[in-house]
Amino acid sequence: MNKETLQQNHTESTQVSRRQFLEAAGFSVSLAVLSGCGRAPIQTALPFAEQPVGVIPGVMRSYASTCIGCSAGCGMLVGVRDGRPLKMEGMPEHPISGGGLCAIGQALPLGLYDNHRLKQPLKDGEPADWESVDKAITEQLASNGSAVRLVTSTVTSPTLQATIDQFLNQFTDARHIIFDSVSSSAILDAHEKTHGTRLLPHYDLNHAEVIVSFGADFLGTWISPIEFAKAWSSRRVPTEENPTMSYHVQLEGRVSLTGCNADRRYRLSPDEYGIVLSHLAVEISKLAGKTPPEGNLAASPISAEELSDLSHRLWHAHGASLVISDSQDFEVQLLVNHINHTLGNYTHTIDIERPSYQCQGNDAEVVKLIEELKSGSVSALLVAGTDFTHNLPDHDSLTSAISNVPLVISFAQREDDFASLAHFVCPDHHALESCGDAEPISGRVSLLQPTLAPLGNTRSVLESLSLWSGNQSSAYEILQASWKENILPRVQSEVKSKSFVHSWDIAVQQGFVELETEANSVGEFQPTAVKLVTKQPVEDEFVLTLYSKTGLTDSSHAHNPWLQELPDPVTKITWDNYVCISPTAAKELGVSDGDVIRVETKDGPSEIELPALIQRGQHDRVISIALGYGVRGTDRFANIGPQWLEGRPTVAAGELVGKNAASMIDINGGLFQYSRAGISLHAVKENRPLAATQEYHSLELPKHIAPPGAEIRDAVQTTTLAEYKANPEAGAPHMHHFSDKQLWAEDHTTSGPLWGMSIDLNKCTGCSACLIACQSENNVPVVGKDEVYRQREMHWLRIDRYFMGEDDDMEVLHQPMMCQHCGNAPCETVCPALATVHSEEGLNEQVYNRCVGTRYCANNCPYKVRRFNWFTYPQDDLQTLALNPDVTVRTRGVMEKCSMCVQRIEDGKIAASHSGIPLADGDIQIACQQSCPTQAIVFGDMNDQSSEVLKALHKPRNFKVLDEFNFRPSVGYLRVVKNRDDNHHEGGTHE
Amino acid sequence: MTDKTNILRQRIITVILLVGLMFGAATLLSGMTSWRLPDHEQGYVPQQPINYSHRLHAGELQMDCRFCHSGAEKSRHAGIPSTSLCMKCHKNVTSSFDVLQEELNLADEEKRKPNQVVSVELRKLYDAFSLDEELKPIDGVEPQSIPWVRVHDLPDYVYFDHQAHTAVGVSCQSCHGPVESMQRVRQHSSLSMGWCVNCHRDATEHGMNGQSVHASTDCAVCHY
Amino acid sequence: MSEPNAPLRPPLVTGDKTLSDVTQDICEPLECRPNALWWVAFLTSLSFLLLGVVAVWYQVATGIGTWGLNKTVGWGFDITNFVFWVGIGHAGTLISAVLFLFRQKWRTAVNRSAEAMTLIAVMCAGIFPLIHMGRPWLAFWMMPYPNTRGPLWVNFKSPLLWDVFAISTYLMISAVFWYVGLVPDLATVRDRTEPGWRKRIYSILCLGWDGSARTWHRYETVYLLLAGLATPLVFSVHTIVSMDFATSVIPGWHTTIFPPYFVAGAIFSGLAMVLTLMLVARKVMTLENYITKVHVDKMCKLILAMGCIVGLAYSTEFFTALYSGNAYEQFVFMNRALGPFNWAYWTMVSCNVIAPQFFWFRSVRSCLPVVFVLTLFINVGMWFERFVIIVTSLHRDFLPSSWASYVPSWIELATFAGSFGLFFTLFLIFCRVLPVIAIAEIKGAAHLKKVPSKQASVQEKVV
Amino acid sequence: MSERVILAHFEHEDDLLAATNAVRLEGLQIVDVFTPYAVHGLDKAMGLKPSRLTWVCFVCGMVGGLGMLWFEHWSASISWAINVGGKPWNSLPSDVPVAFEAAILLAGFGSVFALFAVCKLYPGKHIRMISPRVTDDQFVLVINEANASFDLSAVQDLLHKYDVVAIEEKLL
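Protein chains in written order, with our numbering: chain A, 1 to 991; chain B, 1001 to 1224; chain C, 2001 to 2463; chain D, 3001 to 3172.
Hints are computed from structural coordinates only; laboratory data are not their basis. Here a beta-carbon is modelled for each residue, glycine too, at the ideal position from N, C-alpha and C.
Dumping the calculated DSBU-like pairs for lysine-lysine here, alpha-carbon to alpha-carbon at most 30 Å:
#1 Lys3170/D to Lys1004/B
#2 Lys2199/C to Lys1004/B
#3 Lys2293/C to Lys2105/C
#4 Lys3120/D to Lys2199/C
Quick partial rundown of chain C residues pointing at chain D, CB under 10 Å, derived from the structure:
#5 Phe2165
#6 Ile2173
#7 Arg2192
#8 Gly2208
#9 Glu2220
#10 Gly2228
#11 Thr2247
Same shape as in the complex, but just chain A:
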């Protein structure tokens, strides 16, 4: 990837004017119809009037930037073609993300090309111009700017932080309150208590041999999932030479993506975390020969042997182990710190000297602000980066309190819930239109480049705040000044020795710099602060857990149809939130999937009605609901997808996508509690079908019809580490079929490349980043809830998720499934029109323009990876700009499927032929492979003896799905190995 810098003539070339932008767009899309010329629609080609330097129409250029989809701050390469940012890719060199980019980052373009973003500032809900808005705001701030409160989500940008400080310094009583919609405040508070400094440690999973997570979904949504997933996966690959891997235990009430990937998963209600942690703390203290925390031990829900095994394992790996929890219970987090301290994990797997800034939310401050608001003592409320009222409970009293504030300003990009209350809405740029920076982890600073001129008349928060502080600079100037002063002088490498302009260029091109930072001074650990937790849970009450969904972590992404249609990695449900409930509890309550349940709190008036989803492996006393739904304005999706006679709207009239569960958040002890006990459930006699992409959820066949001896399908093969050590090929079905002898004469062999792929199922977490990468790369349409419900989603790449076993013994398997490019492809034989045939390079080609749509190929596909265009899928004008011009937009009535990004293969070959340098392994990166945070996907030439893919395919863990049928797929999978000693799970073998 050649990264290029846009910076040098920022004001000219990056500010590709709207006009130029349309010109560039027009190059491929403009149509002017002239009549009577013999050739209906006459196409005009509009060249640039003045061609910007370095821009070649039709060539994709990548710009280094930072994803600000969440506060994790992953590095990102923005692919820009013909003036349009089109494809987000991970930046391989980035110190945090290391090449991965999650679904949210991949989905940024659709957020950019969104008709519903505000196009100009609003004054009292009416469109206004910036001058009048600025004038009114500065006047009002000057007149009653005594108590100014600025609420933001976590700010990782040093420049923005400085600007905020500068802005707030103008006022006598000004405070910056950091509010995270899903807060980790308790961790910070606990460290304040135990270590004297309020900070979020930087967890280093690269060195963690034993990971015990109490509910922390670190592979899905917790703090910095891409970074964690990459680090976690680095220790999950046993090889023949080194058959070791980390041991990962997850204790949780709901089923999280992380729990799905654990070696051992315990069902534990969040109100029992404290008890189990207390036991662990005592055991480990004993092992360490230290005094355990004070207090009594309550009965543990986990057996003594298992606890002792766990603590021995932890102690055995002391200094290289890690205990984490997402609990917002202060006591629990203190115990976690105690255990980690006793294990000596601080400075090894937990870095508090160079802490993380990825979650700075301070719940106590927010609680205080709410009180201030209710008492009417706030004179100005500014909110940026979060939908303040949407993400807080007690919505009505909060909004009425806010309506009394004299000046309310929102920086929202859309008219969200808070913006609808604001006097002024000063819309921020979209991430791809903004410049900025981020320091997610102390000392690692990256830059955010704008990749096109703002589509609307929006303005960055940076500019607005500094303008109101009396500084008329552009965001770019502010950023550059801040870097000149604060960042670049601290750069470690040789960069700082250069002139500013030079080092700035390097920084922009590279996208990030690493700073020399002084170690954070941290106080001595205070063991006395920690007490054992004895509070016993109440047995017959439900515990509600609110969580954020992978891929839709925040209400700000709720307007992104790609993310709405992204199946939840665990439940596979799209376009809705729901109440996850265990099968036992569902049976008692007499509900089945889709039956609406009313969830009520016993002590408060909060309640919510949502359809039930029966979730295997869920704790029987725990129900869970995703946050980030019920977002204002999502009724826009009512008519997304095809409209026809029997089609049902994605969103019913007067409703939104899902329901906002923030009302169920409990504020307790100055912390937002996402788990609360004292919940009662009532079945409401109503059914709201949920749209899931998977209807059957296990490799175990239905008991009453399973053929004896073949109750389990072996689509995903698994084994345990113990078995693997004994035999690296363990887990292969006993009846192995050797597919090297062929019935037919093989007269097709060629000497060119033979493309193949290998997917390491031990690395794959099921995070679904690849799915959106594929969708973005290949113009996969969004079909809407009803079509998903009818099992007609269009994703070329899906992630099959299988639950094996029940309850505590439940194992979850993920398997990315896409066209396997079979050598003996059943689909090809049956197509009458030669619309799907085999290429010389081993690809199974689908030729859309030749396809007549018999669907025979899809029927005959054993992997069911083919997708049919049932309708013309509508897209609005702006959304069409997110389309990849290198991939045909399919018409109604044709079949489509994974092409192994053949457009990238062709590009790679052409580039090689142009440069004269033959293709090397890794030169061509396909979309799913590129985005994968754990690099589970390897693609390459199977005829190249030294290629990574061939090495992977020759590993003993390699297997092919449905190998016994001799379809000869080009995609291999590496068997799942769970770090277990027992052989209880016989990885889908059958006699």
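Starting from the known structure of chain A, fit chains B, C and D onto it as the hints suggest.
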């Protein structure tokens, strides 16, 4: 008698019908050669917004194709030159040489400064580039794109990459025909799939410019 | 001049008919105005047809998404209906061609309408593969014609392409066979018809047939040839239809038993349909003397035989699956019998295997209302057989992640109803405009008694 | 080219068969016999040779079958060889069904059109029926009178033996 005349009449009618049928078929067949199937636009010569002559530029002046269509070696699109590129020459060349010379001579004779002579066609260029009579930029008016009419248009599901073809030395003329002799550009080749495929086969079999090449006829080389 | 109808064989035509009576009886419906019953039937069929036309129009204009199909179940009602109609069609060819080769003279009473039924059923069948395409307007790409694409031909390895050839050949040969059989009868009708446009049409259609023995002689040869060609054709067609499934890889489809199984099933369903129609026709058109109880009895016996073959096929395929040791195959059959679509499976078994067993009893065979009801059951059962094969095999195949259900949409149901509308509309028109019984053939086969001649005085005229 | 013929009308095929046989054995020239249906054995009675249309059928079938087989092979492995499902270029078994259908189609159409051609059957053919009842219930034997030795009364006597219904003399 009546029978015989009847038979005679029938035979005459039959003969006339047969002749008519054959004549009709012949007309139809000859007409069909000029019929166009959809997407078959060989010989298409659209009127362009500016009467630009490839014969003059590429033929008489022997300018390299890639001077203007620089994308041909770097991108899938050969590209249409930006207006500013035209201005590189036409800042000075404002009309045909003869006319300019004539004005110079006339000015010389009349002992005055030569007037700015701008040809009708170039005026359109200057208008697009928002230059006034004196060829000075007009303030506040942004240069506009010239809406050239596309001559060679492949269907949306076909991807043709200029770079791939120029890299192995396929000459511009082998697809676009003798553009240097065309006043107005005409679609020279049929651009049908068979035309592409047969050239690919030929190249693989006989090589390109003496070098062996592998021009694949896999579907996904063009369709994806 | 021995009596060919031995005592044990009841006569094929009852009621002491003369040749001219035969002509008169069969041609009469063409010459009088249709009765109210016909109109009711016709208008009902026509309205179903119109419903189907609207449904197909909507589907073609909007997309296949208007059907209940999904990513897993790519074929549902469409191909079920296709195979169902093709199967119906096969009985016509069987009766007219196979029974002709076997010199089964009783066929003459029913072969004309059976052939018409074949033709119409194949038309109905042909519509489904056409409209099931995502882009039916490109259906001509199935034909290997010279083109500007390279030229690009078609995939002769695809069973669907074999189907295209098989069905179109079948349609054309059936049409020709039917038409050739019609030519002498058209001449009969021509000669009975008063001069006018009707006579002119019949004159054109009968190609100037004059009843010459030389023509008859060649005609008989060609008719025999056609019967000889149609017989392997009918077997090949349903073999090829079965290969759409049998050559695939889907468990439940991929099985070698399918060709004979499908052929037997097709004949079975076709016979049931012919019998259903015959029972209606003989009543409505008062042809009891031509379509006698003998015919019904023979048909019932054939149906019983076929039903037993079909039942054997069902149990064999189950046995094969269980005995094969192929877990995927085993699962498909367990799933058919006990899975979500078990109701369809058991409907199929009870209608196709159990229902025809009643035909063991002569009393049942001679009780026409019961026969009528049983044939209807068989028709339903045979439709379900195709539904079971197609849908239950697809909906749960290899990877459990992709298992899905299938519910037809209203558009599909309307299209299905429309195909019945088309069938009956065309059949009713056929009954009105063409002789429903092969006049020339039944005259030849019935071997009517010599009418006590009036021994008319020989007239000798010299011109 | 008119010739004088005798038309003998019968009302039963047995009479006709017997009469035809007798007339032929008598050495009389049978112009034609017109019947409402194909009378079994009449060809023998008239002394007709077996039709050669079977050969037409055979040749057409062979042309159709072999031609299609060749075309399938040519298009799939010579004209444009495309790898379909890893199957070899020359996949003979999969070529059989279409070739078979083509053979049937050509054989069927070939013999029918040959029949129409040989019998001169075509739409709009102008004919004069020997008797309108020929397509209904009458059988007509047409005997040529051209022969000098033709004895009308002898023939009439002969015909009367076979229950002839009417005898007509006509100029054709």
